[in-house]
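Add chains B and C to chain A, keeping to what the hints say.
Chains as they are written, first to last, in this note's numbering: chain A, 442 to 1068; chain B, -9 to 293; chain C, 563 to 1056.
No lab work stands behind these hints, which were simulated from the structure alone. Every value quoted in this text rests on a predicted model; they were computed, and no experiment measured them.
Dumping the calculated DMTMM-like pairs for lysine to aspartate or glutamate here, alpha-carbon to alpha-carbon at most 25 Å:
no., chain 1, residue 1, chain 2, residue 2
1, C, K923, A, D546
2, A, K464, C, E991
3, A, K978, A, E993
4, A, K591, A, D541
5, C, K590, C, D714
6, C, K960, A, D628
7, A, K848, A, D714
8, C, K924, A, D543
9, A, K591, C, D917
10, A, K890, A, D741
11, A, K591, C, E991
12, C, K919, A, D543
13, C, K591, C, E669
14, C, K1000, A, D543
15, C, K1000, C, D917
16, C, K999, A, D546
17, A, K540, C, E991
18, C, K923, A, D543
19, A, K467, C, E993
20, A, K595, C, E991
21, A, K848, B, E157
22, A, K542, C, E998
23, A, K629, C, E962
24, A, K641, C, E962
25, A, K591, C, E916
26, C, K990, A, E742
27, A, K978, B, E48
28, C, K661, C, E998
29, A, K800, C, E991
30, A, K848, B, E290
31, A, K540, C, E993
32, C, K990, A, D541
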Amino acid sequence: MIGPNNVILIPILAGILAYFLGKVVKPAREGLTLGSVIAVCYLVFRMPFDKVISYSYSFKLPYAFGSLSFGTNALTSFFAILIALSYLFIAFTAFALVKDKDYHDTFYLFFNIVAGSLLGIVYSRDLMSFFIFWEMMTWSSYFLVIMNAKNPRKTGLTYIVFNVAGAYAMLTAMFFVYAAAGSMQFDKVATAIALMPNTKVLFVSILFAIGFLVKMATMPLHVWAPDAYTESEDSFTGFFSGTLSKMGVYGFLLFFATIVGFANLKGISSIKDTPTVGYVIAWLGVITSIFATFRAIVQDEVKRLLAYSSIAQVGYIVTAMSLGTALGIAGGLYHAVMHTIMKLLLFITVAGVIYRTGKDRFSELGALITRMPLSFLAVLFGIIGLAGMPPFGGFASKWVIYMSLLKSHNYFLLVAMIVSSTAAFLYCYKLIYGIFLGHPSSPDLMEVKEVPAFLWVAQVPLMLALMVFGMLPGLLVPYISKAVAALGFNAAFNSTNMYTLSAALGGFNGFTVINVLGVIFVVVLIWYTLFFPKSKKLHRLDIYYAAETPTEETPLHYGYGIGAELHRIPWVGASLRRHITTFYEKFAEQVNGIASVLKDILFNGDGQIYMLYAVLTLVAIIMFLGR
Amino acid sequence: MSTGMRILDLIAYPFVAFIVGMLYMGIARNIIGRIHRRWGPPVLQNLIDVFKLYRKREAGSHGVMFHLGPMIMVTGVVTCLYFVPILSGGKWLHGFSFEGDLILVTYLMVLGALGMALGVGQGGVPFGVMGVTRGLTRLIGLEIPYFIAIIVLMAHYNTASINKIMELQAGGISNWAMFKLPLAFIASLFSFWGMMGASPFDIPGAPQEVASGPATEFGGKYLALMMSTRGIFGFLKLTLWVDLFMGGAANLLILIAKTFVMFISVLFVTSVYSRFKVEQAVDFMWKYPTLIGLIALVIEMVR
Amino acid sequence: MSWFSPILMIAVPLFIAFLIPLLGYIHKKAGLYAMSLTLLFNMLTGFYFLPKVMVKPIRVIVAGYKPPFGINLAITPFSIFLACLISTMGFLVSLYLLKDNTTETQEKFAMLILLVVMGSTGIVLTGDIFNMFVFLEITSISSYALTAIKKDRKGSEAGIKFLLVGSISSTLLLLGIALIYNQLGTLNLADIANRFSQMNPKVAFLAVSFLFIGFGIESEMFPLNAWAPDVYQGAPAPVAALFSAVTVKAGLYAMVRFLFTVAAKSVFIKLLLVFGVLTVIVSELSALRQNDVKRMLGYSSLGQIGVILFAVGIGTADAMQGAIFHFVNHAVLKATLFLSVGLLAKAAGGSTMEDLKGIGKKYPFVAGVFGIAALGVMGFPPLNGFVSKMLILMAAAKTEHIVLIMLILAASVIEGVYYFRVLQVMFKEPEPTRIEKKAFPVLSLVPLVVLVFAIIGIGLFSGYLMPYLKGAAMDVMNRSTYIAAMLGSNGGAL
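Isolated chain A (complex conformation) (with noise of 0.2 Å):
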């Protein structure tokens, strides 16, 4: 019977397996890759979407160990088609990427792995084997960061030092419920968790926090990723972005839903009916959203600025969770899975980009819509998803997402959350002026071809994708219900057909949005184009120019600076002078420096020193401890 550990045991196999065979055979690291996501997504997709079932494997393990279990519910199934897909895409995106690279061996080993280690985060059912498999996930990732990066020692440095922290907060957690429970096994840990004191369970809900919100990326614990984003491999970029931060969110609901509870962290402490815990983090994600969308903005790099919206993102995905509301979580897991189709969209296409023009920086790119339309389009639906305007299914999880905040009367957090959502327009905008519209930056940019075939079969799907979600928001509606059901909670939206979307205060009905759209698009166009007489096709330089005639070296490509006027705003000024980092950076040199003090001092080199450490513990154990 193929069971969930066999899911996982296929991408890591066939990692290990490409690396070796690809020494002899090179496309047999593609073909491999290839054939790993076939079966993975076959199996991942036969598999029942809401059956309950478990699988125990006692694999040769110390007894202490307890058995590695695995299982599927409704909320794996959920984030395990999310990982399949991604898998699917950005092996394709791979293909046509990597091939040339000499770091080809080794990727295909570590996204492999990646793959694997995270459907075993999803399927483990005992705290060992989600820590087992968030590790290997930890590991694999970071040699995909530092594949190609510029900076290797900071990008990483911190984003071992964060994740690796965060994991540990983590373990910590894990052996006090341990110790508490007698058994790694999640069922035993809830009711472990239900019987503890409340300061203990308030001490476990915060180290497992963190874990989870260093691998969102949420302030103040995000500094490891606009560098990890930026630098990593672009083409697994797409992959860090769109899943692995998906992995925090999926452990936060298991975590908090599931294993704590949300009505044990209320009992505890409460404001306006939400758990104390749940609002601090809520108010995180809103903060993090507000700061990330304004950095974003002002960045020349493509990468990072895509790095930023990412985070804040994420950060509108964490707050709408942290609530513990029905609909906060159906709007959680609405906007994962949007925010996931966007950002592979997004960065498998910015991928192609650079691959094509080897320039990643607005003020180097410009004017590609001529030779790049599919992508210039690809990057269209992907802004309109990202700023959240319908038709499109970004539309669709904002809106959810504003719902439950109205539904549940967090007023302040929705204004928030919608500077940061107004802000968003910016960015969007710039991304794709500063690549596709405008002036070229260089001649060769004229020249360049449109990006690699296979990056068509990523980014036409997730396109329809986008389109469909917003044609008929309903259509993830039941989906979401299971997953929320899962977890323990009651119905969350008010409607039952995939046209509308109806929860709390109103709803709205996404076909009608399409139709009356695509029906004036196309009268005003067919009216335009036809019953008008032609236009005249001007030569780009031919625009107005106060008088003055543009010439060749004129820099015209105004809009990679966009931002620019942000610094002026007074608020926003400041947030963007302050950086977090100069804290950390403060905190590293202090380690940095006891540290050096301690070597010198204790192991300074003199023998005879040494000696006289031996006598004076001698002499100090006789003393304190000779009573």
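For chains B and C alone, coordinates are given in the frame of chain A:
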């Protein structure tokens, strides 16, 4: 209502908005003129301008997106219009407003601007992009008090549907949201003035600074489309505010009367104040109207 | 086969060690081959006896005098387990050395290595405390010589420091043993254990403190381990591997056996807990600022020893199981690290981070082995370091030492920082152009391959090791079984 009537109703929608909107723009120029102690142009001037532009022999285009930009703009605006009920009660001029809510309308309002921005982008005029950037930055400022106001509305009436909000304001002037939630109304008024392009918030298309802003490169049929869209959009915003804060209108005459009141406030503000810089606008909007809105929010939460 | 007793594991290497100078006249390399063959023999003998001893401990009587009067070997599960580990590690390191041409005094090298391994085996197999002291001396003196064998400045300096501190260790041990002998009149471990309570408590306390410090120096406990980083840096890499895999384990064995089986004073066991955590914190922090990779590995080794001491100090059977498991894993991992760094440093001409820049691109296999071992030390699944670390921390959690767990995990984060820093320097810096690629001799790579398979295999299939670990742990925790086995009633005499 039979299908034929319904189709007629739907087709009439944008035309009502267009004609009323353009007439308002003409009236506006007259009133401002009188304030400035001069005659203004004829009331029908804007309509004449639009028709003149349509009759131009050719228009310059910089590419596909340039061609499509104004079309996306008009699509967005008209779609948004269909989800705002023009009349309350009765069977005419509801559009599709029962299939969408206030949040949908808010986001649809931005769709047009973004489509326009794409066209401006391919046009490649730096002034155009500057205008777009200034517009989007200004939006960050304008949206906050507006959103706070509609949150107060939605919380107070416990619904997000515009039709329902209109219904719940029935029963006389004292029931209007304008008087029941005055602080929210005042906060939203600032955003309203900004969105209508009244000084001090007429930043994107500031003639002395960015040479018409987004509209710079467009001419001929494109410019006609943009001007008509401006009219429709203005009518849309007026109607929206009337629906939300003044209880909607049962027939067109009452609608024109109520929208005229709102419109006059715009005119008075725009003719008196001088333009902000974009950062000043955002800073201002984040301070005073937001504060008023937040007070309204707190009052609503306490209730 | 009554002549085939475990005593051969000590006798044969001793005999061959003294024979090596003579063999040198036959063939220049005969010494090295003899060393490897002897260690292979030791390894096979150890594994032969392992299953037998798990069932029933063996007591080997030497020269016909029964204990407690004569010297005997006490082959208990813990002893034979460690003896197998020591022999295996010695054999692998010797394979590496077979092709090492840089020392001209090859017979001395072979002889000293044999003596070190023999001495360590003797420590773990013997049942007599003075015998233990003698073997410890053999091991120490051979170690001093091995540290300085290259006759370069760093090695000689390290050797002197080792000698200085080691002499204190010897003195204290001798004093402690003398005190015990004075009180109890016996040198047999089981007998001392049996009659330990008969000692004057004050004298007993003094004796235990002396022996604690004495064994502590050999097992590199803080603050007695200041000599260790210098030694790890100054000695040639395979010798450093030997130290961290073999001699330290013998010292730890002595400490554990003495504290748990013989003296059983719980206050000293708690002291191990404290010193263990302190060792971890100080070592990991000191490693952070290291530029020389061998020295850094030395600090890291100290850190892992600290974890073992912490585990031993917890005092429960689960923790002991984890500690013994970590014995194995640490030996395997550190040997891998030192051996691979040895090869890379030889090719690069130095062992600082500057020298090793980009070396991973020239020698991807060896650097990859280093990387896998580094991941293992940091405790990433599914490698072996993860399993033992988890077992130790789980046992600590059961005994509510949460703060100490957090401290150790914090130190592990720092460990991650400096190990990944080395990996970055090796793999991400541009390839060094001044070094031409010379293939490493195959025989030097064989131990690396074996060790890597061990790392991954133990990580994935640790369940196979569990029965042996359980037996060894039980042996340490149960005093009475040991005493009874050695003093007569149910020990199998050979």
